[in-house]
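Engineer: Sequence:
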Amino acid sequence: MSENNATLKVENVTKRFGGFTAVENLSFDVKAGRVFGFLGPNGAGKTTTIRMIVGITIPDEGRIELFGEKVSSELQNRIGYLPEERGLYKKMKIADQLHYFAALKGVSYKDAEKRIDFWLDRMQLGEWKKKKTTDLSKGMSQKIQFIATVLHDPDLLILDEPFSGLDPVNVKFLIEVVAELKAQRKTIIFSTHLMETAERLCDDIILINKSQKVIGGTLREVKASFSKNLISLRVSGGERVLRDTNLVEITNENADSVEVKLTEMLDSQTFLKRLLAEGAIVSKFEEIEPSLNDIFIEKIRG
Numbered sequence: 469m470s471e472n473n474a475t476l477k478v479e480n481v482t483k484r485f486g487g488f489t490a491v492e493n494l495s496f497d498v499k500a501g502r503v504f505g506f507l508g509p510n511g512a513g514k515t516t517t518i519r520m521i522v523g524i525t526i527p528d529e530g531r532i533e534l535f536g537e538k539v540s541s542e543l544q545n546r547i548g549y550l551p552e553e554r555g556l557y558k559k560m561k562i563a564d565q566l567h568y569f570a571a572l573k574g575v576s577y578k579d580a581e582k583r584i585d586f587w588l589d590r591m592q593l594g595e596w597k598k599k600k601t602t603d604l605s606k607g608m609s610q611k612i613q614f615i616a617t618v619l620h621d622p623d624l625l626i627l628d629e630p631f632s633g634l635d636p637v638n639v640k641f642l643i644e645v646v647a648e649l650k651a652q653r654k655t656i657i658f659s660t661h662l663m664e665t666a667e668r669l670c671d672d673i674i675l676i677n678k679s680q681k682v683i684g685g686t687l688r689e690v691k692a693s694f695s696k697n698l699i700s701l702r703v704s705g706g707e708r709v710l711r712d713t714n715l716v717e718i719t720n721e722n723a724d725s726v727e728v729k730l731t732e733m734l735d736s737q738t739f740l741k742r743l744l745a746e747g748a749i750v751s752k753f754e755e756i757e758p759s760l761n762d763i764f765i766e767k768i769r770g
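Heads up: the sequence shown runs through residues 469 to 770, numbered per the working numbering.
Accuracy of the hints is not assured; some may be wrong.
[To be verified] Computed list of lysine-lysine pairs in DSSO-like fashion (alpha-carbon distance at most 27 Å, straight line): (1) K597 to K573; (2) K600 to K578; (3) K573 to K558; (4) K477 to K650; (5) K681 to K650; (6) K767 to K477; (7) K582 to K499; (8) K650 to K691.
[Said to hold, decoys possible] Simulated restraints, written as ranges between beta carbons of each label pair: (9) A692 to E581: 46 to 52 Å; (10) K767 to D724: 43 to 49 Å; (11) D635 to G594: 18 to 24 Å; (12) E766 to T525: 28 to 34 Å; (13) E754 to L572: 51 to 57 Å.
Source of the hints: derived by calculation from the structure; they are not laboratory data.
Note that beta-carbon positions come from the ideal geometry of N, C-alpha and C, so glycine has one too.
Work out the full structure: start from the sequences and follow the hints.
Structural biologist: The following block contains the structure:
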């Protein structure tokens with residue numbers, strides 16, 4: 469499939485549970501070979517949407533296409549899905565569980581054995597192959613479930629909050645593994661509320677809140693649309709200008725600098741002139757992009 473083609477198309481999808489609308493008129497595309505950040509606060513509708521994509525539930529309205537076809541059970545072998553709710557068979561050995569999951573996806577025992585050894589070594593769990601789930605820590609168990617997700621070499625990976633509950637060391641490690649899969653041109657849907665991680669990994673994003681799309685596009689497009697009138701500066705003096713609400717909407721003070729968002733009608737050069745006219749000494753003045761976390765907070769609060 470060409471990178472310009474869409475691995476996934478979600479068109480005007482709505483899902484209700486009784487009187488509650490979990491997803492409302494949602495549309496987006498996921499392009500082949502890219503990492504797509506599916507972002508939003510808890511309860512926004514992310515997991516419900518993912519469950520419709522993998523066929524666990526069906527939309528009440530709208531249409532979902534996978535690989536150019538309507539969602540069907542035949543397409544499931546091309547998907548690797550790591551759900552937010554974790555679960556392994558507690559009394560089974562790790563190797564037996566992974567062989568079982570591989571067989572469900574049509575992988576032969578011989579091929580599965582090679583892949584299991586590769587992934588256990590990559591996850592630094594080679595010596596745990598014959599252990600039972602009860603012998604594993606939470607972080608180890610999550611790595612095993614990640615292996616089960618990628619073992620059949622799927623075309624599309626769907627990772628729903630993959631770092632939830634992991635310690636910082638394992639979060640960093642799993643980010644590196646996801647980055648390796650990205651480098652292999654896998655199509656990855658990455659659902660999270662960790663904005664720093666999304667900013668590092670994602671090519672494209674959609675932000676949903678209260679069941680609806682808030683903003684979407686390439687990461688560059690989204691950040692560029694919010695970059696207007698955001699200034700980082702290091703300044704001595706000029707307090708009256710910095711506190712003037714007709715000039716500055718938001719002020720965030722850091723250890724050795726200040727970030728300000730100018731009012732809509734004020735351009736950066738006029739603001740700089742006002743500071744200098746006030747007698748301020750400016751040693752740094754830089755127009756900056758907001759972080760994805762800044763955008764997330766602004767849109768969710770809005």
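Engineer: Does each hint hold? Answer for all of them.
Structural biologist: Status of the hints after comparison with the structure:
1. K597 to K573: holds, 20 Å
2. K600 to K578: holds, 21 Å
3. K573 to K558: Holds, at roughly 21 Å.
4. K477 to K650: With Cα atoms ~20 Å apart, K477 and K650 stay inside 27 Å; holds.
5. K681 to K650: holds, 25 Å
6. K767 to K477: Given pair K767, K477 holds - Cα atoms ~24 Å apart, limit 27 Å.
7. K582 to K499: Judged against 27 Å, a Cα distance of about 30 Å means the pair is violated.
8. K650 to K691: holds, 21 Å
9. A692 to E581: 46 to 52 Å: Once the Cβ atoms are compared, 48 Å apart, the range 46 to 52 Å for E581 and A692 holds.
10. K767 to D724: 43 to 49 Å: violated, 29 Å
11. D635 to G594: 18 to 24 Å: holds, 20 Å
12. E766 to T525: 28 to 34 Å: Roughly 31 Å apart at Cβ, these two residues keep to the hinted range, so it holds.
13. E754 to L572: 51 to 57 Å: holds, 53 Å
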